[in-house]
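Using the sequences provided together with the hints, build the complete structure.
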Amino acid sequence: MSTPDPITLEVVHNALDSIADEMALVLMRTAFSPVVRDSMDYSTGFCDRHGQMVAQGLTTALHLGSFPDMMSVLCKKYAGSMRDGDLFVLNDPYGSGGMHLPDIYIVKPLFFGGSVEGYAATLVHHTDMGGITPGSTAVHATEIFQEGFRIPLMRLSDAGEENDVLLTLLAANVRVPDKVLGDIRAQIASCHGAARAFTALLARYGCTLVRQCIDRLHEISEAHMRETISALPDGTYRFEDYIDGFGVDPVPIKFCVAVAVSGDTVTVDWTGTSPQVAAAINAPGPFIRSATYVAFRCLVSARIPNTVGYMRPIHVIAPVGTIVNPRFPAACNARGIVGFRAIDTLMGALSQAAPQRVYAAGEGGATNPSIGGMHDGKPFVFTETILGSWGGRPDSDGLDGAANLAANQSNQPVETLECNAPIEIVDYALALNSSGPGKYRGGMAVRRTYRVLAESGVFTLRSDRRSHLPYGLQGGYSGTPSYTVILREGKTKMLPVLPQDKIDVQRGDVIVHVQPGGGGFGSPLERDPALVLEDVLDGRITVEYARGVYGVVVADCELDWVETIKQREVLRMDRPQGHGQLHLDHFARSFGMDAAGNVFGTALSSMH
Amino acid sequence: MKSNAVGTRYRVAVDIGGTFTDFVLRGSEGQLLTYKLSSTTDDYGRAIVQGLRSLSAEHGFAPEQVVEIVHGTTVGANTVLEGKGAKTALITTHGFRDVLELRRVRLAELYNMNYVRSAPLVQRRYRYEVRERINFRGDVVTPLNVEDLERALELVAKSGAESVAICLLHSYANAAHEKLVEQRAREVLPADCFVSASYRVLPEIQEYERTSTTVINAYIGPAIRRYCQRLRESLSEAGFHAPIQIMQSSGGILSIDEVLQHPAQILESGPAAGVIGAATVGIRWGEPNLLTVDMGGTTAKAALIEDGRPGKTNEYEVGAGINVSSKLVKGRGHALKLPVIDISEIGAGGGSIARVSSHATLSVGPDSAGAAPGPACYCLGGNAATLTDAMVALGYVNPRYLIGGALKISFQDAVRALQNDVAHQLNLPLLEAAHGVYTLAATTMTRAVKAVSTFRGRDPRDFTLFAFGGNGPLMAAEIASALDIKRIRIPRFAGLFSAVGLLNARMEREVSRTWLRSMEGLAYDEVEQQFRLLEADLWESCRSLERSDQMKLQRQADLRYHGQAFELTVDVLPSGADNAIRIRKAFAKEHLRTYGHGAEEDPMDLVTLRVVASLPAEAGMVEDGSGLATGEAGSSRRVYFGPHFQSVETPVLHRGALEGGIDGPLVIEEHDTTILVPPAWKAMLGSEASVILERSAK
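So the protein sequences, as listed, match chains A and B.
Those letters in the first sequence? Residues 182 to 789, per my numbering, in order.
Those letters in the second sequence? Residues 22 to 719, per my numbering, in order.
No lab work stands behind these hints, which were simulated from the structure alone.
From a predicted model like this one, the values you see are computed outputs, not experimental measurements.
Even for Gly, the Cβ is constructed at its ideal location relative to N, Cα and C.
You may find that some hints are simply not true.
Unchecked claim - Label pairs and their calculated CB-CB ranges:
{"hint": "1", "chain 1": "A", "residue 1": "C388", "chain 2": "B", "residue 2": "Q282", "range": "56 to 62 Å"}
{"hint": "2", "chain 1": "B", "residue 1": "P211", "chain 2": "A", "residue 2": "E408", "range": "55 to 61 Å"}
{"hint": "3", "chain 1": "B", "residue 1": "P211", "chain 2": "A", "residue 2": "D685", "range": "53 to 59 Å"}
{"hint": "4", "chain 1": "B", "residue 1": "E175", "chain 2": "A", "residue 2": "K747", "range": "34 to 40 Å"}
{"hint": "5", "chain 1": "A", "residue 1": "R632", "chain 2": "B", "residue 2": "S596", "range": "52 to 58 Å"}
{"hint": "6", "chain 1": "B", "residue 1": "D63", "chain 2": "A", "residue 2": "D709", "range": "55 to 61 Å"}
{"hint": "7", "chain 1": "B", "residue 1": "Q440", "chain 2": "A", "residue 2": "V481", "range": "29 to 35 Å"}
Unchecked claim - Every beta carbon over 10 Å from chain B, so not counted as near; a handful from chain A, in silico:
{"hint": "8", "residue": "Y275"}
{"hint": "9", "residue": "I332"}
{"hint": "10", "residue": "N354"}
{"hint": "11", "residue": "T417"}
{"hint": "12", "residue": "P500"}
{"hint": "13", "residue": "D608"}
Here you go:
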């Protein structure tokens, strides 16, 4: 096949990227649920005629890496039988290429001149899929049958004829059918938009030339990834990290990776990772592959086409029966946390191969709270993602309050949230003394506090990183732990990171969540004292913290250089004696917690 | 030419850009004068006074003959971009001082571990909290804590802040607490401290966007105040006492005194003017549907005009460099949720640098050689190959000089840079390489055009391309071909058309209010009542204007399907003429057009009501074409039109020679711009000496 000229190639590349972005915009603007339009928990991609992804909407990286698996199932099953006007739908992780039930994929084959020339693919995290709790992300589900409505890969539309049976069944099985069906309409509108734009592109350049360009984009993308891998020294890099575990007495869940770099290819082996568990945090295979691709894609510094090409040199081994490749019918609705931890683990390994590129662990993934129940005689479901902070970087601080690279999502505005759900947001802020110290510190933890205004409801939570903290790198300290406290009638109760019991809430209950703070990069004693002063003046850390952790002495809003030099000398001598604990004590006190771990209700409002 | 009678009165438009300050004057007898000089970046006003003095000397009119000065300026946007605004404090609800910093937390990019954002405009230490709470219905849940307020104001005073923003939760539903804070701030703080409360700036739901907009207003307020005062003084010292009007980002004009109340409204004053100009002439020429392309030295801007009205948006962002019209890439700068003409900007201009990567892929921009060191062919120290160099090498741009000789061009340097940076590395002949750079720049601009058209459900083929700016008319045909657009218009004075646009701006005011109601069972009387209140507010603020009796009011409503978050705007008919059913139909139709589906029976919510008051511009530019240069400008030269057409000996003409229509290839050279007419396009002279290009064959 001949090579297209570089100019046409770039024109087609731009056009395909525009299509994927246009799909994302149309989806967001027409969606019905706050999860999609405010949190932006959805993704769009464009695939070539073989079902190979060739462009990604500017959406969520952890979703996008899952498209290849789903597309290969679809192409195999329906090869030769697709017709113009078909739409395909799925959410089932077992056999259909899905990840967990709330994520519904809708795919439209795009016909031109009688044959399929491409596919528009969308994924939306739906507000509710039925199952044992509102929001369908209950950690305490033990098998998929408790998790909601399963949709094996099937037609949503058959040559333009909509599958009413499926939609009727779906509507009857979810708590908020108007939102779910509204978001499905948005997915369909997005696919139709792609069809219009792609047809125009083919009409102008012809199928042959566009196909050649697409092949070339895959090649370029792959070549860049091979170059990136080649730049890493050959060898095997290992790392371990943990999810704290679920329930009141959690057993840590281990992530174990061996990254074997050999020339321009790499094998990422997850052998040694914990077996699947009897809770909804098992992640079916597509997700671990997606997480692996995201980590490596972040290492490529050039602007490259976001096609499956960059995934080709990466070989993933995920043993069956582990939490990263569970056997049917393991529950998986709260599986997101596995992807985040897998990326943290993989980045830990890569930091050995590329110490000046990789940053310390961030917050470790979004927190997912859901509250559902009855209010004013009508069912309501509130669910959102709390997005956190980055780890310290080789040459700059971690971002305070920024989406995780793997899940580029957004927050729900407090004012619209309060309009839509019987909930008051009491505060939304960065938490005092909450970053992992380092030459470049981690991002500060995000805190969000809810007051329940509904008569009654059920609260579910997916969080992590209370005992296994976000790691620091190159002498940087770990980040700070996450806490979730429920306050009722003056009494406080600390909730597990992944509660296994149904948590009933009632009007007036206050739930405080503080996310983990990011890990630090480099020794805190090497941090520029001027930056420490700035953090003190900005109320990000206290004067005591600056002195105790950074050895920086601030008096009357100014640096005391003489005392700082002395104090740093003292700390240098002291460091071997477990000094890394001190910042955690400061943080715990800021949170209103005593040495025994008791939380004081009165202190809950004073930490930002 | 000192033929101007003593009685002639002039309206003056001045557009300040990063490189040039452009003047267009319209005399009461219909004559048009133009002038261009280098901007004085240390004190922009100096160039204005200088220019006016030169013009009055050259054309023999006295300062008193200037009766109005209309001004477009980028001073607001630059203040934010350069971080040179006032030291600003923020007073907000307890628990929410980080809203400004957290923004919407989303990133504008995937996979970038070195991601950076612009720092918040108010440092955390100057954000103060007060205990109070109002809910979304407007009910007071927690009364304003007076001690908190006194303490906060004490700290504001102590901090030495020159400006203070006030934004409390749900103040769009009930501004009582904000008003208390505002009133007390004015009492306690020094008189010259700028105070800006969100209920005045943007009484709309969504706390980050409202806070950010209010903070921007406070941050640029003092700078704009100084700028306006200084401008007024220096003009007045030079004898020009005419009232000064300034263009808003939304396209209407405001008097200086009004600007001082709402500085954030002139943030994108500059780019708006050209679009307004295009809309106005478009209506006169029977071309109400236009896609505008404005390309200068560093960026290209695209906008959409439908039924003579420019598209507007309130999803804008400042301080992040280039503004692409897409919510997907927001998050790097500061949100500005005020009506702004929906302009999509892209880093492609004459100075954009061309590069070849290690994998033999070619890119053009977004980095630019700017005006200094500039393209290699300027011989001002620039060595990198730029788009302008490519256009010189291809024969599109005069190989010896630009701006009537004011700028020398070196053909050899253009060729050398392209040979080194592009042709050699791609192993392509020089002309093919140069043509590649040109095509790719057009492709990049095509994305900007798509962002305002296809991304919003509009088909570019239904529009005429309207090209202006120094480089727009050179790229127009290529962009049109890429989007299958068959007709192009290029106005007279295309190179300084933004200044022309200023003369066409209408006086415009807008008031709006978030008024969240379900359309189901809503009595239209209630809506009518709300509109009347808004209209009363508007009349109050417009009463003092000249010609206020000619004021036109337009009601609008933003609606969405129940459960959606993004609204579409529909026009509402005047008092007594409208009803809920018609509004439902209009919304469903608009939704169908934008997103491909719409049903009038589905539940809808009314979100925002708005009234826009406007005064039509006094007659704008009407050019009869007299005084147009005719005939051949420089006989002919070899011009390369791509692999298919190759190099062709091409006539170089003046616009006046087009009478009756001439088939391409052609180059039309003018003082302020160059128009390229490729083969398969035909050029004709249209009304008001505009140039029409039509594609004669595919």
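Status of the stated non-contact between Y275/A and chain B (beta carbon gap over 10 Å): Correct as stated: the minimum Cβ-Cβ distance to chain B is 29 Å, above 10 Å.
Check on D608/A being off the interface with chain B, judged by Cβ distance over 10 Å: violated, 3 Å
Cβ separation of P211/B and D685/A, checked against the hinted range 53 to 59 Å: holds, 54 Å
Consistency of beta-carbon spacing, E408/A to P211/B, with hint 55 to 61 Å: holds, 60 Å
Range agreement (Cβ of K747/A with Cβ of E175/B, hint 34 to 40 Å): Between E175/B and K747/A, where Cβ atoms are some 35 Å apart, the hint holds.
Least C-beta distance between I332/A and chain B, which was stated to exceed 10 Å: Given that every Cβ of chain B is farther than 10 Å from that of I332/A, nearest at about 22 Å, it holds.
Outcome for the supplied range 29 to 35 Å, where the beta carbon pair is Q440/B and V481/A: Given about 31 Å between the Cβ atoms, the range holds.
Consistency of the no-contact label for T417/A, given chain B and a CB cut of 10 Å: At roughly 23 Å from the nearest Cβ of chain B, T417/A sits farther out than 10 Å, so the non-interface label holds.
Verdict on P500/A as a residue remote from chain B, using beta-carbon distances over 10 Å: Holds, since 28 Å exceeds 10 Å.
Pairwise beta carbon distance, D63/B to D709/A, judged against the given window 55 to 61 Å: The hinted range 55 to 61 Å is violated for D63/B and D709/A, with Cβ atoms some 33 Å apart.
Verdict for C388/A, Q282/B (Cβ pair) under range 56 to 62 Å: holds, 58 Å
R632/A paired with S596/B, Cβ distance criterion 52 to 58 Å: Because 43 Å falls outside the window, the suggested range is violated.
In summary, the numbered hints that this structure violates are 5, 6, 13.
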